[in-house]
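J.: Spelled out, the chains give:
There are 4 protein chains.
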Amino acid sequence: MNAPDYGRSFASWREACAAPWQAYTRHPFVEGLGDGSLPRAGFLNYLRQDYVFLMHFSRAWSLAVVKADTLAEMQAASATVHALLHHEMALHVSICEAAGISRAALAATEEAPQNLAYTRFVLEAGYSGDFLDLLAALAPCVLGYGEIGARLLGQAADTPYRDWIETYGGDEYQQLCRDTGALIDRAVADRLGPAPETLPRWNQLAGRFATATRLEAAFWELGQP
Amino acid sequence: MNAPDYGRSFASWREACAAPWQAYTRHPFVEGLGDGSLPRAGFLNYLRQDYVFLMHFSRAWSLAVVKADTLAEMQAASATVHALLHHEMALHVSICEAAGISRAALAATEEAPQNLAYTRFVLEAGYSGDFLDLLAALAPCVLGYGEIGARLLGQAADTPYRDWIETYGGDEYQQLCRDTGALIDRAVADRLGPAPETLPRWNQLAGRFATATRLEAAFWELGQP
Amino acid sequence: MNAPDYGRSFASWREACAAPWQAYTRHPFVEGLGDGSLPRAGFLNYLRQDYVFLMHFSRAWSLAVVKADTLAEMQAASATVHALLHHEMALHVSICEAAGISRAALAATEEAPQNLAYTRFVLEAGYSGDFLDLLAALAPCVLGYGEIGARLLGQAADTPYRDWIETYGGDEYQQLCRDTGALIDRAVADRLGPAPETLPRWNQLAGRFATATRLEAAFWELGQP
Amino acid sequence: MNAPDYGRSFASWREACAAPWQAYTRHPFVEGLGDGSLPRAGFLNYLRQDYVFLMHFSRAWSLAVVKADTLAEMQAASATVHALLHHEMALHVSICEAAGISRAALAATEEAPQNLAYTRFVLEAGYSGDFLDLLAALAPCVLGYGEIGARLLGQAADTPYRDWIETYGGDEYQQLCRDTGALIDRAVADRLGPAPETLPRWNQLAGRFATATRLEAAFWELGQP
Numbered sequence: 001m002n003a004p005d006y007g008r009s010f011a012s013w014r015e016a017c018a019a020p021w022q023a024y025t026r027h028p029f030v031e032g033l034g035d036g037s038l039p040r041a042g043f044l045n046y047l048r049q050d051y052v053f054l055m056h057f058s059r060a061w062s063l064a065v066v067k068a069d070t071l072a073e074m075q076a077a078s079a080t081v082h083a084l085l086h087h088e089m090a091l092h093v094s095i096c097e098a099a100g101i102s103r104a105a106l107a108a109t110e111e112a113p114q115n116l117a118y119t120r121f122v123l124e125a126g127y128s129g130d131f132l133d134l135l136a137a138l139a140p141c142v143l144g145y146g147e148i149g150a151r152l153l154g155q156a157a158d159t160p161y162r163d164w165i166e167t168y169g170g171d172e173y174q175q176l177c178r179d180t181g182a183l184i185d186r187a188v189a190d191r192l193g194p195a196p197e198t199l200p201r202w203n204q205l206a207g208r209f210a211t212a213t214r215l216e217a218a219f220w221e222l223g224q225p
Numbered sequence: 226m227n228a229p230d231y232g233r234s235f236a237s238w239r240e241a242c243a244a245p246w247q248a249y250t251r252h253p254f255v256e257g258l259g260d261g262s263l264p265r266a267g268f269l270n271y272l273r274q275d276y277v278f279l280m281h282f283s284r285a286w287s288l289a290v291v292k293a294d295t296l297a298e299m300q301a302a303s304a305t306v307h308a309l310l311h312h313e314m315a316l317h318v319s320i321c322e323a324a325g326i327s328r329a330a331l332a333a334t335e336e337a338p339q340n341l342a343y344t345r346f347v348l349e350a351g352y353s354g355d356f357l358d359l360l361a362a363l364a365p366c367v368l369g370y371g372e373i374g375a376r377l378l379g380q381a382a383d384t385p386y387r388d389w390i391e392t393y394g395g396d397e398y399q400q401l402c403r404d405t406g407a408l409i410d411r412a413v414a415d416r417l418g419p420a421p422e423t424l425p426r427w428n429q430l431a432g433r434f435a436t437a438t439r440l441e442a443a444f445w446e447l448g449q450p
Numbered sequence: 451m452n453a454p455d456y457g458r459s460f461a462s463w464r465e466a467c468a469a470p471w472q473a474y475t476r477h478p479f480v481e482g483l484g485d486g487s488l489p490r491a492g493f494l495n496y497l498r499q500d501y502v503f504l505m506h507f508s509r510a511w512s513l514a515v516v517k518a519d520t521l522a523e524m525q526a527a528s529a530t531v532h533a534l535l536h537h538e539m540a541l542h543v544s545i546c547e548a549a550g551i552s553r554a555a556l557a558a559t560e561e562a563p564q565n566l567a568y569t570r571f572v573l574e575a576g577y578s579g580d581f582l583d584l585l586a587a588l589a590p591c592v593l594g595y596g597e598i599g600a601r602l603l604g605q606a607a608d609t610p611y612r613d614w615i616e617t618y619g620g621d622e623y624q625q626l627c628r629d630t631g632a633l634i635d636r637a638v639a640d641r642l643g644p645a646p647e648t649l650p651r652w653n654q655l656a657g658r659f660a661t662a663t664r665l666e667a668a669f670w671e672l673g674q675p
Numbered sequence: 676m677n678a679p680d681y682g683r684s685f686a687s688w689r690e691a692c693a694a695p696w697q698a699y700t701r702h703p704f705v706e707g708l709g710d711g712s713l714p715r716a717g718f719l720n721y722l723r724q725d726y727v728f729l730m731h732f733s734r735a736w737s738l739a740v741v742k743a744d745t746l747a748e749m750q751a752a753s754a755t756v757h758a759l760l761h762h763e764m765a766l767h768v769s770i771c772e773a774a775g776i777s778r779a780a781l782a783a784t785e786e787a788p789q790n791l792a793y794t795r796f797v798l799e800a801g802y803s804g805d806f807l808d809l810l811a812a813l814a815p816c817v818l819g820y821g822e823i824g825a826r827l828l829g830q831a832a833d834t835p836y837r838d839w840i841e842t843y844g845g846d847e848y849q850q851l852c853r854d855t856g857a858l859i860d861r862a863v864a865d866r867l868g869p870a871p872e873t874l875p876r877w878n879q880l881a882g883r884f885a886t887a888t889r890l891e892a893a894f895w896e897l898g899q900p
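Residue numbers (our numbering), protein chains in the order written: chain P, 1 to 225; chain C, 226 to 450; chain H, 451 to 675; chain X, 676 to 900.
Be a bit skeptical, because a hint or two may be false.
What the hints assert, rightly or not - Quick list of simulated restraints, FRET-style, between CB atoms:
1) H:Ala555 to X:Glu706: 49 to 59 Å
2) H:Ala555 to P:Pro194: 21 to 31 Å
3) X:Asp744 to C:Arg403: 30 to 40 Å
4) C:Asp260 to H:Asn653: 39 to 49 Å
Unchecked claim - If we take Cβ atoms under 8 Å as the criterion, some of the chain C residues that face chain X in the derived model are:
5) Asp355
6) Asp415
7) Leu417
8) Pro425
No lab work stands behind these hints, which were simulated from the structure alone.
All values derive from a computational prediction rather than experimental measurement.
Glycine included, each C-beta is placed from N, C-alpha and C at the ideal position.
So here's chain P without its partners, still in its complex pose:
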């Protein structure tokens, strides 16, 4: 199966860091979600860390609203923040509660170093750079989950993590990924014109993407028991 098409910028950045991208999207944690071999304890640990992650990730998408140039860019980033804070966090809380992790326990999760490294890198890239730097650092998480979800959904294996796979492989999330890819491509064109790959700036953006990809792979380690 081919990877889904999330636009031209993503394709270019992804290709420029093929090995880290592979390490991230084919990580043993991911394969364990797909074939059901991932121990429950690992998954729950991941969920707890991911709750903390989502707080900072929402902050980073809010920073994208601040750094946007047009109303359309602001609305796109703001819709993502709203979805994260008012829906995805709630979903997370309910999954955790069903697994016996109370809301209080969730909120008391101590942030792991890999979690801290990843989120602070993204936020700092956004603060120190511009809208494109921030989008390049945000992209591996959003779009990598989409690519993983789509692939695992196509495998149809018997796994207790079917819900997770259907969330990220499902139509709604796939549409979000295509929209995010289009937001990035339009933002790039509006700033860097029709041949951004020829500019030194492109390597800098690809570098942001590559570092975030490496940090995302390290994040999966938190889900190893």
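Given the structure of chain P, go ahead and fit chains C, H and X onto it with the hints provided.
T.: Chains C, H and X alone, transformed into the frame defined by chain P:
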């Protein structure tokens, strides 16, 4: 009629800059809205500038999400961003269209110096300071409009600007003001404890509030024909 | 006399806002410095506001250190900060003291709205944009003073403001201007490649430059008696 | 031997994270510096990573200039930036060159994850918080090195790392530590008054300090062979 109660921090900061607050909330532009004497051309010019203002104001509230410490703070600020970007901006566009100002004309509005001064001051206060600095700079606009709306609504004069008055004097906006006041008071208590007025920090926050109040008064000048 | 050569980016941005640039660099305040007709009271008021300005301008150049990509960029921006904070501010204090404005009076200067608008615009451009956005917003002040100084020095008129003219028209400041122009050109090339003028990004940078130029012209009004 | 006195805020924050502070300042790497048992390869690896660290650390101190409230605060932070960028980096380069690591090799050092985590945490704390948040995150590095240097200098053991110990244990660096401690105490008093330890804000600042301390301990791991 007494001013509505939007909490303790607001009351303290407002009292500390009584003269600028008066100059802002009793500005001839405001009185002209209330008694109907404001020329239409002035109101339309104000609307056009306010459209640009709302873009930057939405960015500033998004920065509040980034600078928040708790999920509750993030959700409160994010709800305001969402309301501004997905509802209030649309309302603005429709009022302007009804008045013969096209969406394109609105988007092409050249930002006036008073507008630029105000919005950049708020954003910079947020970037350079913390969550409280940003809230103190945001408060005069949100809560001043509430106070003005409530007062003018109570006057029940015959004015073509009834819609404007009912929007800001109405229940929904008044509730937003009470919620914002409560957000500020809780954020202050969570950081500065039960007696914030005794700290040097309080004067700094009151200073942010006072400067924003002065810049808000200058903004009304844009609505003078 | 031709304007001094401060590099290619400056020349392009300057040309793109010819009228505001003229209004800034040929402002009556400037002409009054040159021919000596500027009243002393106006000059002193300008000095007081400029002291406040230099504080925020130093902060903005420090932000450039934060936003730089290379050690060379960091060192260039840091050297400017050091010169501003440890030499230029001291010079300002001594000139003011000689004119009967005490250090305490200087520190107590109330920031004028035009001053606030300008400095917050520059800082916000830096925070929300990247290194290039910040440099484009900083350039009109640094390089405009150089251009004015060089022109007035060439006129050799009899004026009590000879010191001011010799400071900004003199070799040391002119070298700083050439260095700053070279820093900008190199930073542009390192990010946007050999033909930056062809990119949409260029218009955005030229826009930052043009707005800062307009705000700089408004700043001179503070020196009018 | 007692730890040197770097002021009241430092003493309070240090005490509040006694175990991580011990893990940081008594780390095997540190003990290996003191008794000479640290392998040369480990020390050189540390130096290479520290070069990258100093770049980001200089950026963080520059951010302190941006976030400062007074000229005195700005000058203190700016002097540190200047010393880091124009002296300490040069010292680093010369030590590395003497050890056979060329300037080009140094500049090409790949940033380790622990390095990235630490520096981005500090910078993000500064961007998202205020001047105090930034100082609290900067303090463990500056003052911890001072404490370690003073202790190891007092031990007078035979070690090839004598230069390192004399740098950080020596008078000049110890004075910098006392000055930094005084800067922090004054900044705290100017904002939070005479009893900052009673405020919720204090725990937040102590939290910044504690996290930075943990990340600093993790950084030493880079020097393990």
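J.: Does each hint hold? Answer for all of them.
T.: Hints and how they fare:
As the Cβ distance of H:Ala555 to X:Glu706 is approximately 56 Å, the hint placing it in 49 to 59 Å holds. For the pair H:Ala555 and P:Pro194, the beta carbons lie near 57 Å from each other, so the given range of 21 to 31 Å is not met. With their beta carbons about 32 Å apart, X:Asp744 and C:Arg403 fall inside the hinted range of 30 to 40 Å. For the pair C:Asp260 and H:Asn653, the supplied restraint of 39 to 49 Å holds, since their beta-carbon distance comes to about 45 Å.
With a cut of 8 Å, the hint placing C:Asp355 at the interface with chain X holds, because the nearest CB-to-CB distance is about 4 Å. Of the supplied interface hints, the one on C:Asp415 holds, with its beta-carbon coming within about 6 Å of a beta-carbon of chain X, less than 8 Å. Because the smallest distance between the Cβ of C:Leu417 and any Cβ of chain X comes to about 6 Å, under 8 Å, the interface hint for this residue holds. For the restraint placing C:Pro425 at the interface with chain X, the shortest Cβ-Cβ distance is roughly 6 Å, inside the 8 Å limit, so the hint holds.
In summary, the structure is inconsistent with hint 2 from the numbered list given earlier, while agreeing with all the others.
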